[in-house]
Structure formats: structure tokens, C-alpha cells
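So the chains spell out like this:
There are 2 protein chains.
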Amino acid sequence: MSDKSINPKGTKDYGPIELLSRRFIINTIRKVFISFGYSEIETPSMEKRLTLYEKYGEEGDKFIFNIINSGDKVKKADVKALSSGKLNQFVSSISEKGLRFDLTVPLARFVAQHFNEISFPFKRFQIQKVWRSDRPQKGRFQEFTQCDADVIGSDSLFLEYEMIQIYSKIFKKLGLKDVIIKVNHREILNSIARKIGLVNKFNEFIILVDKKEKIGVDKLRNSLKKDLNIKDRHLDDLFELFEFSGKLSDFINKITEEFTDSNSIAAIEEINQFYKLIKDSNDLVKVEFDISLARGLNYYTGLIFEISHPNSSLGSLGGGGRYSDLTKSFGVDNLPGIGISFGLERIHLLMNEKDIFPPLKDPSNDILVVNFDTNFINDLKDIVESLRGVGKSIFIYPDSVKIPKQFSFANKNKFHSVLIYGQEEKDNEVIKIRSMNDGKEKLFKFKKFISEFSKM
Amino acid sequence: MSDKSINPKGTKDYGPIELLSRRFIINTIRKVFISFGYSEIETPSMEKRLTLYEKYGEEGDKFIFNIINSGDKVKKADVKALSSGKLNQFVSSISEKGLRFDLTVPLARFVAQHFNEISFPFKRFQIQKVWRSDRPQKGRFQEFTQCDADVIGSDSLFLEYEMIQIYSKIFKKLGLKDVIIKVNHREILNSIARKIGLVNKFNEFIILVDKKEKIGVDKLRNSLKKDLNIKDRHLDDLFELFEFSGKLSDFINKITEEFTDSNSIAAIEEINQFYKLIKDSNDLVKVEFDISLARGLNYYTGLIFEISHPNSSLGSLGGGGRYSDLTKSFGVDNLPGIGISFGLERIHLLMNEKDIFPPLKDPSNDILVVNFDTNFINDLKDIVESLRGVGKSIFIYPDSVKIPKQFSFANKNKFHSVLIYGQEEKDNEVIKIRSMNDGKEKLFKFKKFISEFSKM
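Order-wise, the sequence lines are chains A and W.
In terms of the numbering used here, the first sequence opens at residue 26 and continues consecutively.
In terms of the numbering used here, the second sequence opens at residue 26 and continues consecutively.
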């Protein structure tokens, strides 16, 4: 097959059945979001370069897809920047737009732009594609779909609890009730960073710690030592903390002992309140604190979440957390918010691996009408119209080719049944229906077809 | 507002109500496609440069959005090509991918790539966004949505008729039964081109004629004269033909007189058969032949369609036609096909102008629960859970701020009702529901709330 006949790496074509299974997940998520009072919005696939950049950290910016300016505008290419290796500067000289990298920054831009039309607290959800030029691998695509719910304009901890409720409801509905919601607080990570002598390198620290699952403890230790100059005794303290496992209440006791500065005390108070809200709920999936949970993105400031699944190598199925000033860089201050995200492709992969989708059938393949000749098709016009009217899909075979060929087509495409009306049926004023499951045939009087068929 | 807080030109943000009205159109189209036996697929937003280019004619290629190669790959920029003004060559040195320009070329690529998994005739539909860097204006966006139905692997004229049925059904369901389907045949245009002495410039001719509606008859005449060197007497003949209006049967008589070469005779025979299929159908919208209808894209070879609306300046609401070898450039021969497309944004604009959408209400705004205090919210847990279970959306106000503020929020966001449960209600073991339409309040016994409320 020639190269031009293949879709780009990291992207996927979706046939009817796979599309249905994706929609099954999307509709489950959408329904739950709506039931919690979140309203849906959509934003453009492209955002201005100014909107996108410097929001995801250096690590993130690298993976933004840039769109080349159209027409003569490319003449402005900064060739000097190119020859002196300033690739970012070169790209920015010929690109004013990029593809959406996530749904959170577009939300912040949306809130800033439409500030006067929105009444807060603004509960919105958004289910759209995002693009990242990251190296593709299992569960990681260059084009994928995020399903996000956010609340902007409230700092109530009740929302942290609501997010856990939403996660639980959705994963239970999808049949993935054994997911684990890992929780941490950015301020605790901040306290740790201070404690081990890190100043002004918090973002670098977060990005490295976020890679713990991916690269393993040993490599992380080496990186922290080499890249951030953390001393061995501090690393010992850090990894002792990272290895803590135990009940939530024990964990809270531990960090209360460990961190006594005022920022930590405020964070621990939040964790305590959050714990109070969730501890008596019996409808939640498992919630665990994980002090090594970091989340790669810069904007989080409070409690952060990540969904993992035991016995799965897929990485996180979603994540989110509290942010205090997402819209600040768009000129709107004092709008705290919180958001969570579901990664459609990974949830889809996992559900496929576990084989837990309900049976899905292409809704377009109810009845195939065998084409003997246009005249017979013409006779069936009203009947076809009526069947379509009651929600049946009717595929009229477009060519009057040999009948076995038409039956073989119906078989391959898993049609439910085949409608047969040729000379013999016309002469007897009947319509024959063959069920493709068992090959059984049934005759209906032509004039009473609709009423008798709908009773079947 | 700073520049970075604004979405790119030619794109749009969609709030909940506008999104609902878009979905209303999409769902109507999707249901009809399914009822005719078309199966849904989706393809990636990005396609390889090789896949996209040289399919839409020079005119089209200009408007493809190109994506810059990631990371160090931009170092390969062909600076010489840039400095010598070969902009295409320059762009192709730093771009391997572009954004989907329509849904037809991706379909052709899909069919070539998955040829062995598909059984033909392949009836597929696809409802996805496409991107063109054309100058934005009313009804023309840089990001817009096409809704396409195609059949690949059959040359049956029955499909031309089916396409007219699908157009008619959908526009009637949308309340736009006064649309007009203009029909022409590419071969007739070919005959005209030969007749007026055009050789090897058919594509240029098509592209110019396609602009007739946009630029008007006088400018078209000038362009044909200047760009294609057509003589005045030939232009007289051409515009006489273009001005023909009359009944379908008269039109067929006219072209039968006019064109007597074998290609034309075959085309006229097709038009005749098509006419026979549609002439006795009383469920179709108006179908008119228009000999100046050209359709801008290169791949059409037979009957072509375009949807226009009287009293609208929006341009066409959709179009399509027969193609004999769409997949040829992807290495698959002898697969004739036919396809039609609906332009979501223009249909949406027109329906808005005519104000014919059914009443649409944000499904996320059923009931707002007033937040007196977390404890009261906690008492309501089972009730909220039950309401959500029966499909109600419940927005719990996240902060226990002043009650008038919460009511004003409910009012602004057009909630159907507000659930009130504070100290007074708790003491009396009741729940108060206020309807936001008329301000009427109703008390329910706390313990019987769900059963009594659901009877309302």
C-alpha cells in the first residue's frame, strides 16, 4: 500500500462498531455530567499561539502542533533564527495558531472572553479531541479525546467531593468499579520541596516526580540527584515518604507530624475536610492518598486526582484537581476552580481488554432489501417509507446483481434480516422476510405487511 | 480584552444552547442516514500531505491548513525555496501533515487502506469538522462541519435517486421544505467546453463557472474571455444556454438537440433515467436542472447536485454528485461512487434566521439545590441520588452564600425549579420546591419526596 493511502501515525480510523463503543462511553460520561448540572460547551480545534503557549510548562509546549500561516505570510519566516538553532522563534515567525492541547486552557480563554455572559459558579463540561505530538505508543495517541468537567468561580471543597462522586458514578456505570482514585495536595509537594532544599525549582520537581510510574523509583532518584542537585539524605527522606502506604487517617496523621509550616497546616485542614466529606459515602470507588502523585501540568494548586486501574499497564485513565488562578494569564483574577478529565481512548482500550462492552450492533444494518429490478423496488416504496418511519434502517441493494451475491453481502455485514420481493412474491402478493440469524423465512401478505411485520 | 483571550478568526465557541441546536440538526441528519442503511465512520483530523494534495485543484490546495513538523524536523526547512519564492516547496519541507479539507478524500483514503475489510457497495456516512483557510465571511468559517453520505462500489442510478430522497427527507424534517436541488451533469459541461473550443482546460472552466453565483454573470463572462480566451460568439452561445429555464422535460429536449456526440448521448440517457425515477415521487423537494451548475471539485464525473434556498444569501447548503474514480489516486481502480454533503453551519444560520428551531432548554438546568450548609446537603444525599437516577439534572450550589444570590443564579440560568431545604424545612420534615417559571412554591413531606415529586 502506498504511503499516501495510510492515516498519519498516532491517529486512528474508526469503523461503525468501534465508533459505537466510543459513543457508549461518551454518552455514559455526558449523562452523568448533565445529571450533576454541568452544561456542555465546545471550543475551536485551533487556538492562537499566544493562548496556547506557556501554559503547560516547557515539557508540554514541545508537544503542541503548530499550524503554518497561510499564503504569503510564510515569507516572514525568520531564517536567522533557524540557522542559529532558535527553532521556537523560527516556528513562531510562521505560525500564529496551534491545535488544542487540552480542554482546560481553552476553557480559561473561553471564560475570559465570555466573562460578562457567564454567571458563576460556572459548571461546564466539554468532550472534544485534543492533539499532542508526543511519541505514539499503546494508549497514547497524537489525536485523542478528553472528557472534562470543571467548575469555575468557587473554592468550595464540596466540589472536590463532587468530583469524586462523578468519577465513581461514571466508572461504576462503565463497569470499571475497581479503579482507584489517587489523591494528593500540591501544597504538600511544595512543603516537601522546601524541606529537601529545593527553591524556585518546584515545577521541575513536579515534572520529574510525575514520571515516577513511567520511569521507576531508581531512575527518578538519579534524575532528582543529577538534575536538581538534591542531597542523598534528602532523597532518603523523600522516598521514605513516597513509600508510605496505609489508611487515609494514618496518612493524615503522618503529614500532620511531618509538616508544620502555615501553608502545610492549611493544606492539611483541606485534606481533613475532604476526608470528612468522603469517608461516610458508601457509593464511591476506592480513594487513596499518594504523596508521590504530582500531575504534570503547572496550573494545579490544591488537591489533585489521578485514576489508576490495578492490573493495567495503560497509565492513568484520567486526572484533575484544584487550580486557584487558571484565568489569571487571560486577565481575569480571583476565579478559583476545579476540574477533572477522562481519557476516552484509554478507558476504551481497558474496556476492550476486559471485554465488558454490552453487545453493539450497527444500527444501519436492520433490513437489506434484495434488488431484483427497479420496478419491484418501486412497488415497495410505501413499505420502505413506513419501515424507515418506525425507526428501521432499510438498505436497498443499489444494483440488481445476482441474488446470492446480495445475500452474501447481507451475511457479511450482519444484517438482521433480508426482504425478498421478486416476480414470484409479486405474483402471490406476498413479501418474504428471511432472518439472517437462523435462515428462517416468513411470508407476509403484501397489503398487510406493515401491521403484521411490526407485531413480530 | 487582550488578543490571546480571543478565539482565532473564522472559528466559533459554542455555548450550551447553540450546541443543542447544532445537535438537533446533526441528529436529524444522522437518523435519516441510518434509516437509509448508511454506516457511520470517523477519520483523523490530520491526513498526510501526500493524501491531501492534488485532490482539490490548485484553487483548493491553497486553502489546506498545514501542520509544522515537530521538534528538530523543522531544521530541514528548504530556505532556498523560500528565498526564491517557491512557497509550496518551502512549506512541504517542514510539513508532512495537514488538516482534513473535506470528508471525501479521507473516505477515498479509508477505502483504499481498509479495502480488504470492506464489503461493497460501501454505504458510509461521516459527520466531522473540516478546515479551510479561506477568508471568513457570513456562512463561511475556517472550521466547519460537514455531514456526508457516500456509496462506494456501485454505478447504479438508483443511488442518484436515493440521494435526492435523502436530501428531501432531511430538509423536510428540518422544516426547510422549500429548498431547491439544482442538478447538472458534468458530461454536459464537458460537451459545452468542447463546443466553445476549450481543450484541456476543463478544470479551469469548471472552477470559473462554479463562481457564477458569487461573482455574477458579467464578471464571469470577462473571466472566461480573459483567462480562457473564449471567443465572443461562443460566449453568447454559452450564456444563452446558462439562461435557459423551464421544465425538466423541456430541458432534456433542449440538450438532446444541442449535444449529439456519443458522450453527451450517454449523459442524456442517464439524465433521462434519473428523471424517470424522480418524476412520479411526490415526497421530494423541488428538483431543477441548472446547466451552469459546476461544483468546484475535480473528482465529479456524472450527475452533480447543489442545494440552494430561495430568499437566502448564504450560498449552497450542500452539494454532491457522482464520481467514477475517487480512489484511483490511492491505487484502487474501478470503484465508482456517489456522495452528498450537508453544510451544518449554513443550515444552522438559515434555521436561526427563519426561527424554526423547536424550543431548546439546557438539559443540565433542571433543579438547583440551594446550599444552606453542608449538613443540609448531606441530609439530601439519597434524594439527590434518586432524582439523578430518574434523569433529572441536579445542580447543588457549591457555596453556602446568601440565599438571594443563589436564587438570582437560578433565575439567570433558567433553572426549572429550586429545591429549598434549610433549618425551617428540616424542623418541619419537608422539602420546598419553587418553580422558577411562576415563583409558585410547593411543600413535600421529606420521607415521601421522591414518590410525590415524581407524580407532579
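A few of these clues could be false.
[Claimed, not checked] On the chain A side, residues computed to face chain W include the following (Cβ under 7 angstroms):
no., residue
1, Y39
2, I42
3, S64
4, M71
5, E83
6, A106
7, K111
8, R134
9, P383
10, P384
11, D387
12, S418
13, F420
[Stated by the list, open to error] Listed next, with one range per pair, are the computed distances between beta-carbon atoms:
no., chain 1, residue 1, chain 2, residue 2, range
14, A, E454, W, K473, 25 to 35 angstroms
15, W, F49, A, N462, 48 to 58 angstroms
16, W, E142, A, D398, 46 to 56 angstroms
17, A, N297, W, S411, 55 to 65 angstroms
It is worth saying that the hints were derived from the structure and are not from the lab.
Backbone N, C-alpha and C fix where the C-beta goes; we use that ideal spot for every residue, glycine too.
Each hint, compared with the structure:
no., hint, in the structure
1, Y39, "holds, 4 angstroms"
2, I42, "violated, 9 angstroms"
3, S64, "holds, 4 angstroms"
4, M71, "holds, 5 angstroms"
5, E83, "violated, 13 angstroms"
6, A106, "violated, 10 angstroms"
7, K111, "violated, 11 angstroms"
8, R134, "holds, 6 angstroms"
9, P383, "violated, 18 angstroms"
10, P384, "violated, 17 angstroms"
11, D387, "holds, 5 angstroms"
12, S418, "holds, 5 angstroms"
13, F420, "holds, 3 angstroms"
14, A/E454 x W/K473: 25 to 35 angstroms, "violated, 59 angstroms"
15, W/F49 x A/N462: 48 to 58 angstroms, "violated, 35 angstroms"
16, W/E142 x A/D398: 46 to 56 angstroms, "violated, 31 angstroms"
17, A/N297 x W/S411: 55 to 65 angstroms, "violated, 30 angstroms"
Checked against the numbered hints above, the structure violates hints 2, 5, 6, 7, 9, 10, 14, 15, 16 and 17; every other hint is satisfied.
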